[in-house]
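Build the full structure now, drawing on both the sequences and the hints.
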Amino acid sequence: MPRIDGLTSRQQWMLYPVYAAAVLSCLGTVLFFISLNDTRNFIGEKGVEYCWMYGSFERYLFINLASIGEA
2 MPRIDGLTSR QQWMLYPVYA AAVLSCLGTV LFFISLNDTR NFIGEKGVEY
52 CWMYGSFERY LFINLASIGE A
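Take 2 as the starting number for the sequence shown in this note's numbering and just add one per residue.
Keep in mind the hints are simulated off the structure, nothing from the lab.
All figures in this text were calculated on a predicted structure; none of them were measured in a lab.
One should not assume that every hint holds.
As the list claims (entries may be wrong) - Taking CB as the label site, the calculated pair distances span:
hint: 1; residue 1: SER57; residue 2: ALA22; range: 15 to 25 Å
hint: 2; residue 1: SER57; residue 2: VAL31; range: 37 to 47 Å
hint: 3; residue 1: ARG11; residue 2: ARG41; range: 43 to 53 Å
hint: 4; residue 1: GLU59; residue 2: VAL19; range: 22 to 32 Å
Cβ coordinates follow ideal geometry from the N, Cα and C atoms, glycine included.
Set out below in structure tokens:
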């Protein structure tokens, strides 16, 4: 495995987007777990079941917003 000590300045700059992506990924995971309880309170237990059925909260939300718009 190559060592990171001997990287040129350009190679070091190329690593910053990788670090930023890792930080954003971790931050997104933390925010997901923090907001999970609020989301459950917002959509209810039946909504959580629908989210599993539809595969994602966004799909559940868009389908229900479309049905509200038709009513």
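Outcome of range test on Cβ distance (SER57, ALA22; 15 to 25 Å): Taking Cβ atoms as reference, SER57 and ALA22 lie about 21 Å apart, which means the hint holds.
Outcome for the supplied range 37 to 47 Å, where the beta carbon pair is SER57 and VAL31: Violated: the Cβ-Cβ distance is about 19 Å, outside 37 to 47 Å.
CB-CB spacing for ARG41 and ARG11 relative to the 43 to 53 Å hint: Since ARG11 and ARG41 have Cβ atoms about 47 Å apart, the given range 43 to 53 Å holds.
GLU59 versus VAL19 beta-carbon gap, inside 22 to 32 Å or not: 27 Å, holds
Checked against the numbered hints above, the structure breaks only hint 2 and satisfies the rest.
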